[in-house]
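Please take these sequences and the hints and turn them into a complete structure.
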Amino acid sequence: MISFLLKRLFSLILTLFVATIIIFILIEVVPGDPAAFMMGLSTNTDAADALRAELGLNLSAWDRYFNWISGMLVGDFGISYTYRIPVSELVLDRLTVSLPLTIYALILSTIIAIPVGVISASKRGSFSDTFLMGTAQIGVAIPNFWFAILLVLLFSTTLQWFSAVGFVGWEAGFFPVLKSLTLPAISLALPQAAILSRVMRSSVLEVMDEDYIRTARAKGLTKRQALIRHGLRNAMIPVLTILGLQFSFLLAGGIIIESIFSLPGLGRLVFQAIAQRDLIVVKSIVTLLVLAVVMITFLVDLAYAWVDPRLRERGER
Amino acid sequence: MRRLFTIFILSVSLITSASAQTTLKVGLQLEPPNLDPISGAAAAIDEVVYGNVFEGLVRIDENGDIKPGLANFWQISTDGKSYLFNLAEGVSFHDGSPFDAEDVRFSFNRARAQNSTNAKKYIFEPIANIDIFDPYTIMISLNQARPDFLFNIGLGDAVIVSSKSVDKNASQPIGTGPYKFKKWVRGDRIEFERNENYWGALPKMEAITFKIITDPLSAYTAMKAGDIDTFPNYPAPENLFLFNNDPSYEVEVGLTAGETILSTNNKRAPFDNILVRKAMAHAINRKEIIEGAMFGNAEPIGSHFAPTHPDYVDLTGLYPHDLTKAKAFMREAGYGDGFTASLKLPPPIYARRTGELIAHQLSKIGIKVNIENMEWAQWIDQVLRNLNYDLTIVSHVEPMDINIYANPNYYFGYDNKEFQAIIKKIDSSSNPEEISALYKEAQRKIADDAVNGYLFQMGKFGVWKKGLKGMWRNYPIRSNDFRDVYFEEQEGLMND
Chain C
1 MISFLLKRLF SLILTLFVAT IIIFILIEVV PGDPAAFMMG LSTNTDAADA
51 LRAELGLNLS AWDRYFNWIS GMLVGDFGIS YTYRIPVSEL VLDRLTVSLP
101 LTIYALILST IIAIPVGVIS ASKRGSFSDT FLMGTAQIGV AIPNFWFAIL
151 LVLLFSTTLQ WFSAVGFVGW EAGFFPVLKS LTLPAISLAL PQAAILSRVM
201 RSSVLEVMDE DYIRTARAKG LTKRQALIRH GLRNAMIPVL TILGLQFSFL
251 LAGGIIIESI FSLPGLGRLV FQAIAQRDLI VVKSIVTLLV LAVVMITFLV
301 DLAYAWVDPR LRERGER
Chain F
1001 MRRLFTIFIL SVSLITSASA QTTLKVGLQL EPPNLDPISG AAAAIDEVVY
1051 GNVFEGLVRI DENGDIKPGL ANFWQISTDG KSYLFNLAEG VSFHDGSPFD
1101 AEDVRFSFNR ARAQNSTNAK KYIFEPIANI DIFDPYTIMI SLNQARPDFL
1151 FNIGLGDAVI VSSKSVDKNA SQPIGTGPYK FKKWVRGDRI EFERNENYWG
1201 ALPKMEAITF KIITDPLSAY TAMKAGDIDT FPNYPAPENL FLFNNDPSYE
1251 VEVGLTAGET ILSTNNKRAP FDNILVRKAM AHAINRKEII EGAMFGNAEP
1301 IGSHFAPTHP DYVDLTGLYP HDLTKAKAFM REAGYGDGFT ASLKLPPPIY
1351 ARRTGELIAH QLSKIGIKVN IENMEWAQWI DQVLRNLNYD LTIVSHVEPM
1401 DINIYANPNY YFGYDNKEFQ AIIKKIDSSS NPEEISALYK EAQRKIADDA
1451 VNGYLFQMGK FGVWKKGLKG MWRNYPIRSN DFRDVYFEEQ EGLMND
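So the sequence lines, in the order shown, correspond to chains C and F. Start counting the first sequence at 1; every next residue gets the next number (the working numbering). Start counting the second sequence at 1001; every next residue gets the next number (the working numbering).
If you're looking for bench data, these hints aren't it; they were derived computationally from the structure. Hints are not guaranteed to be accurate.
If you want the footprint, here are the derived chain C segments under chain F, 3+ residues with CB under 8 Å [claimed, not checked]:
# : segment
1 : 144-155
2 : 160-173
Residues from chain F that face chain C, not an exhaustive set, calculated with beta carbons under 8 Å [as the list claims (entries may be wrong)]:
# : residue
3 : Ala-1041
4 : Ala-1044
5 : Ala-1119
6 : Arg-1189
7 : Ile-1380
8 : Arg-1385
Model, not experiment: these values are computed from the prediction. Just so you know, even glycine gets a beta-carbon here, dropped at the ideal spot from N, CA and C.
Have a look at this one:
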């Protein structure tokens, strides 16, 4: 088990290192000068030059890469060009929105998807199976931003139950936060739930054909008992993979939903930073996202090992 | 399951937050990158802090007039070179430090220093000397008379800052204004509270919250859901009409200082040929553009000058929409069969919509326009900095910026000695009537030369809840000064 962990950890660090090089090079080749951008239509090139010196953009590429990496190793991500505050502060603020939203959306999507997947698999071919999977197909097809707009028009503009925009902030308390994240979480969760339930269904169907389920049935368990005691745990593996992917996707992939609800999330920060050439923010966030994806893959690997002891042993060999 | 879900939705929705009547909630589409008006060129900074947190020696009001600010009154020498300012007494910055003439000297010297990053450093370049006679009397001497100096020091780039707090103004702005900075949740909102120690008349609203709402449709839903009291500059002209029939809202379409133009690279063939530019001027149909791109909410212009200015001359009739004349000019220029040109468009929706219509209109005289959409950073790099473009569309939002045509290195590539002489005369004149006549001459000159395609003056689309008073109709400068804003109902309640 320990050598399995070490191996995974090593590949994690290597992935991160390679990622920083790729990110840095990509950002180097992006056209557009941050200082010129900040000066707008102004004709004053002196001011832009002074600003470039102030931002440290005059250094050589190698120096900038080195400063960036050595800063990150001690937790210093630099100062945002446009906001002029530490990038770490900026990102942490955004995470207090994006992380709860992602978790909220994933919980909703799991709560919906797993029962739907199991029900339609166990009643395969029945009306409820067709109905649930048909609905899921619609859920995959509907763009979430359109669905979000419908939610806003109904619950905010017409019924006025929810505020149409914004995040109340954690100082307002847990329930107001939950309330302000509810509509965005639903809009993010439904398409994910639709995908997840289809995966869950096919996974359960596959498991139910396995020999061990037949053995369990032969021992006298009902179909339902066999599914709950032996089937579900095995059926969870592909679902965990998808959940891991969805987590990293939702963390910064909700740009449109964040825009519709005017939420100060990570996705909008990246988008804005790219448009404003706040390159230090872009570099840092992309690196953090790589870290998040790698970490989640690592956690999912661990979770595999937890649900499937065979994987643990394989790692030890 | 469904019942549980309904109960969940209901219970979450019942948690309501108490809203205070004394807080004004303002919608903003663009978040300012920082809150220091002397550091950056972004109009969004001034839209938040100008007049509210920071004040200059003079203040530009809703009509573009110069009003006393931190200077109670001033005298200008007969040669127009010296300005004697008498400063308000008993003024302090939000951190408690007192304001006096030293702060003025500090602010101006900083702005004109060698390493200054002020986007409008040119305002301070004519300054020769700053002399302090006593803490509340300061004289600024210029190298030459500059009639626009007083207006310029009323801009956000010339506000007075304190040497103690200037380095932190980007995130913790400290000014002398009627509102002080409280909190900024980046990407979400900026909160101000009333400065109870304000030296002038206290504003009526106790607090102001700017909500950042980037999506145009969300701007609509936020207004309709009552989350926002006003959008001083509503980002979606296409659905403005939806508020017209709703008695709980008021819509006021005014003008900004933004001349929206089809900028033309005068250095590059075939646009260096005045006949081609004249042909294009005749091919442009302003009415169609304003209807199609701005949904009727803009005013046509024939030169680079704001229709709200007293010296404005209406030159829209100089090159009326006339395809026969346009084609004749094309033939005369030797382009009877037309040519191909690229049109590089920055991201704002007005530019993209206008660009499509322009491409269509120019195609009628044989100019095949290839649209290239780009990001701001790319646009600034290619168009503004390196003059690597044929045509582009942009709104020039700076007030009174016709002098940019006198700069031969500006991206228009317009190098005309006659025009440069006119601007030079304006800069050195101290006779208001002469200046007025010269401004009119300048407008005519660039219109005659068809330097750029002059399209429309950008509208300011104000939307607010009925009863909100004191909002600006126009944007002579980019500012939302809330000192005179109040809810009418609120006053009625207080009288009862």
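We went through each hint and held it up to the structure:
{"no.": "1", "hint": "144-155", "result": "holds (count 4)"}
{"no.": "2", "hint": "160-173", "result": "holds (count 11)"}
{"no.": "3", "hint": "Ala-1041", "result": "holds (3 Å)"}
{"no.": "4", "hint": "Ala-1044", "result": "violated (11 Å)"}
{"no.": "5", "hint": "Ala-1119", "result": "holds (4 Å)"}
{"no.": "6", "hint": "Arg-1189", "result": "holds (7 Å)"}
{"no.": "7", "hint": "Ile-1380", "result": "holds (5 Å)"}
{"no.": "8", "hint": "Arg-1385", "result": "holds (6 Å)"}
Checked against the numbered hints given earlier, the structure breaks only hint 4 and satisfies all the rest.
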